[in-house]
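Novice: Put together the whole structure using the sequences plus the hints.
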Amino acid sequence: MTYDSAAHNRAKPGMYDIGFSRAVFSRELIRINRTIRAQNLQSGCGQPTTPKKVTNVTQLRFSKIKVALSAALVSATALCASAAFAWEPTKTVEFVVPAGTGGGADQMARLVQGIVTKHNLLKSSMVVVNKGGGAGAEGFLEMKNAKGDAHKIVITLSNLFTTPVATGVPFSWKDMTPVAMLALDEFVLWVNSESPYKTAQEYIAAVKAGGGKLRMGGTGSRQEDQIITALIEKAAGVKFIYVPYKGGGEVAVQLVGKHIESTVNNPIEAVAQWRGGKLRPLCVFDGKRLAQKEKIADMSWSEIPTCKESGLDIEYLMLRGVFMAPGVTPDQVAFYVDLMKKVRATPEWAKFMDEGAFNTTFMSGAEYAAWVAKEDTRHRALMQEAGFVAAK
Amino acid sequence: MDEIQALMQGFSVALSPTNLGLMFLGILLGVIIGVLPGLGGANGVAILLPLTFSMNPTSAIIMLSCIYWGALFGGAITSILFNIPGEPWSVATTFDGYPMAQNGQAAQALTAAFSSSFFGALVAIIIITFLAPLVAKFALQFGPPEFFAVQLLTFCSFVGMSKEPAFKTLAAMFFGFALAAIGMDNVTGQLRLTFGFEPLIKGFDFLIAVIGLFGIGEILLTMEEGLAFRGKTAKITPAVVWETWKMLPKYWKTYLRSAAVGCWMGITPGGATPASFMGYGIAKRFSPNKDNFGKGEIEGVLAPETAAHAAGTSALLPMLTLGIPGSPTAAVLLGGLLVWGLQPGPLLFVEQKDFVWGLIASMYLGNIAGLVVVLATVPWFAAILRIPFSIIAPVILVICAVGAYTVHSSMFDVWLMMGFGVIGYVFKKLQYPMAPLVLALVLGDMAENAFRQSLLSSSGNLSVFFSNPLVATITTVALVMLVWPMLQALRGATKK
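In the order they appear, the protein sequences are chains P and R. So that you can map any letter, position 221 of the first sequence is 221 in the numbering used here, and since no number is skipped, the others follow by simple counting. Quick note, the numbering used here runs 392 ahead of the 1-based positions in the second sequence.
Mixed in with the good hints, there may be bad ones.
Stated by the list, open to error - Over the 12 Å line for every Cβ pair with chain P, so calculated as not near, a few chain R residues:
(1) W644
(2) W732
(3) T769
(4) V875
Said to hold, decoys possible - Calculated pairs, DSS-like style, for lysine-lysine (alpha carbon to alpha carbon, straight line, at most 30 Å):
(5) P:K341 with P:K351
(6) P:K258 with R:K645
(7) P:K374 with P:K295
(8) P:K293 with P:K342
(9) P:K234 with P:K374
(10) R:K745 with P:K295
(11) P:K174 with P:K198
(12) P:K118 with P:K342
(13) P:K118 with R:K745
(14) R:K529 with R:K645
(15) P:K118 with P:K152
(16) P:K213 with P:K123
(17) R:K645 with P:K351
(18) P:K208 with P:K258
(19) P:K308 with P:K213
(20) R:K529 with P:K295
(21) P:K198 with R:K529
(22) R:K745 with P:K293
(23) P:K198 with P:K293
(24) P:K374 with P:K288
(25) R:K529 with P:K213
(26) P:K258 with R:K529
(27) P:K234 with P:K198
(28) P:K341 with P:K152
No lab work stands behind these hints, which were simulated from the structure alone. Ideal Cβ placement from N, Cα and C applies to all residues, glycine included.
Specialist: Shown next, in the form of structure tokens:
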């Protein structure tokens, strides 16, 4: 399914693994490695350069090559095994993405995989698996049913809270083990830069005057974008036509093409169009202004007022966190908390956070569980009020 | 000519030994990915993406885009040899490619397919090189009504061009729509027609259906016909490539028509699958050998391939200039760009000249390299048909099963594939066309979304499909395509 236009985002299932062609891939990988070897790669264990091929080979678990390169392999794993863990993964870790390839959660999961590989943070390897069917229900059900499997982790987006309510598929965050919050994704109210609206107030006034004819585009239905739209409708006493699309990038382009009047895209979904002078941010749905002070277009992220400052008292942030299957031991959770801390300490992560104007809050343990529980209750209440609950 | 100068600089970037090596490596990996059903270009690129985080962005994108080209070339191989389209846009290639293989012309069909892919891609790259900023703006005019109009055009042109009775085509198409409706409804956010059965929440994947309908169905049919594998008399010499090439220039009109359709569909971005079907339909309508279509007409191979690859290649343009992924693979590449610290969008061409022109230069080189690699393998692939059916059938069966499993790593999908195999067999026996079913399964979901998004915006008013010259033209052409064959049939009836 390589070429088709609309098939690209959160709601679309992806695929799993290279499966039966592993052998062929491994041979090719070795060839790639010859070219990569020239480059300096920092080992994540604080040791001097370890050739990257070691991780790739481990990742592919291709026995012949393992034997051939066993010397390099042994030395590399020895370097990394220095930190003592009560538990460590013994086989490939599956990183489940409850969304299709190319979306925000997928990007983040693949970045984590890239960092883990590049910095040798894991003795075994990590593969990203897309299970986006049924607005993510496919991925979450798989986690729910993998009781005690410590080689499976899942990254979440707001569909952890919204999908069970909207579709009635039986799962909740309580069916999984919370590991850590990686970051929070922000939401910004965007309009086309050629529209006359310079502030959120002006826009809301126009929506009021428009008599419910202005269109708000968003990703999916009964998910975060529509929840924020419902929150705006309630706070400002206005009405939008909400038009659901399949992915955030598509939504941003529809706004550039003036097929809709506004969006609540995440920063990373819309930043390119903003820099290109096609979109204008009006306000950010956070309690405080964003941290990034670097100029993007005519202004920086930190200069965008909060919606509260603009008279729309709405706060909404999306969880980018990690969960494990139910029934895992505290040692196993501790390992992944530590792994995620290491990932967050890398320059690649910092750069990604900066570009996407993420809120870089980190939480784990009881604090994280409490935050998730609170958000779950909040989403249920919001969706109940907006009438987004599945018909029984 | 600033473009030419920039392009020359791009070539100097792309021609470094490292990048050339990565290019060939990418093509090889891509061909393998394209040949294996269930493992599409998007998946291949996604798997290899983390590997490239340590390369410099230009080398990384050169390798990944070459995987993409390779997968495009590879997709045609199984369509022609075994009637198993590995990718949605290769479905139209099976219509005449497979009959050609059965007539002992597998090598000719493969050569024609590869050469046409190359031509289509080349036209698209030239357009990207010189018209990028201009055509990029055109994509912005596409809102939901325009998308729906394009989908409608695809469906309608299909009803008109099928050689089966229109009723059978419609029946197969509506069966496809019904299957496409199962699973998540993107507009209301609710599950439909799943009856509380969990494996159904992800809906029916096109790949599973195609592997079953075409692959398994074909095997069942061949078994019934006594394990004879037609086409083993294929003449296999490298000279066949040259001889086929000598024939191709006389189809220049078909080439130009298909390339134009393809580029238009890629840029707008309607996608390669509609492009391939439209390319086939148009070629059939204008061809002097109309009646030979579906029986092994070489024009029926080159038309969809040219269109599909022109579309697939020009789909990268909206990604670079607008940051809209024109295809799932482009979406994965887009993720890669962000991780490498590049922001696709209106400013990419200004701020990252080396990267953009290196990539465009690698499109030229990658396609040439791809053509060389695949043409060199034509005799080998064609020789597969000489293996006795009793040996190759179980191998195909295993590959199909693994491919179906790979799509979602779900055992349920393997059973589903077998089920589709039986449906495919029944369809063949009752002479129902399978392509409309597949087409509806691939595009039904998108068409439905676009239709409902349009009506949401217009508060339910159908005039939205005639609301501006662009959408009105496409909609009208679509309706004419639907009605024209019927009128012709009527006129024929009255004459008698």
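Novice: When you check the alpha-carbon spacing of K118 (chain P) and K342 (chain P), does it fall within 30 Å?
Specialist: Holds, at about 12 Å.
Novice: Would you mind confirming whether the straight-line C-alpha gap from K234 (chain P) to K198 (chain P) stays at or under 30 Å?
Specialist: It holds: about 22 Å lies between the C-alpha atoms, which stays within 30 Å.
Novice: Classify the label on V875 (chain R) as holds or violated, using whether its beta-carbon is more than 12 Å from each beta-carbon of chain P.
Specialist: holds, 27 Å
Novice: Sort out whether K351 (chain P) lies within 30 Å of K645 (chain R), counting only the CA atoms.
Specialist: violated, 51 Å
Novice: Does K295 (chain P) sit within 30 Å of K745 (chain R), going by the straight-line distance between their CA atoms?
Specialist: holds, 21 Å
Novice: Regarding the pair K174 (chain P) and K198 (chain P), is the alpha-carbon distance no greater than 30 Å?
Specialist: At roughly 43 Å apart (the allowed maximum being 30 Å), K198 (chain P) and K174 (chain P) break the hint.
Novice: Given the hint that K118 (chain P) pairs with K745 (chain R), test it: the Cα-Cα distance must not exceed 30 Å.
Specialist: Holds, at about 27 Å.
Novice: Compare the distance between the alpha carbons of K258 (chain P) and K529 (chain R) with 30 Å, and conclude whether the hinted pair is satisfied.
Specialist: Status holds; Cα separation ~12 Å.
Novice: Between K341 (chain P) and K351 (chain P), does the CA-CA distance stay at or below 30 Å?
Specialist: Status holds; Cα separation ~16 Å.
Novice: Does K123 (chain P) lie within 30 Å of K213 (chain P) when you go C-alpha to C-alpha?
Specialist: violated, 56 Å
Novice: Take a quick look at whether K198 (chain P) and K293 (chain P) sit within 30 Å of each other, Cα to Cα.
Specialist: OK: K198 (chain P) and K293 (chain P) at ~20 Å, within 30 Å.
Novice: When you check the alpha-carbon spacing of K529 (chain R) and K645 (chain R), does it fall within 30 Å?
Specialist: holds, 28 Å
Consistency with the previously given hints fails for numbers 2, 6, 7, 11, 16, 17, ordered from lowest to highest.
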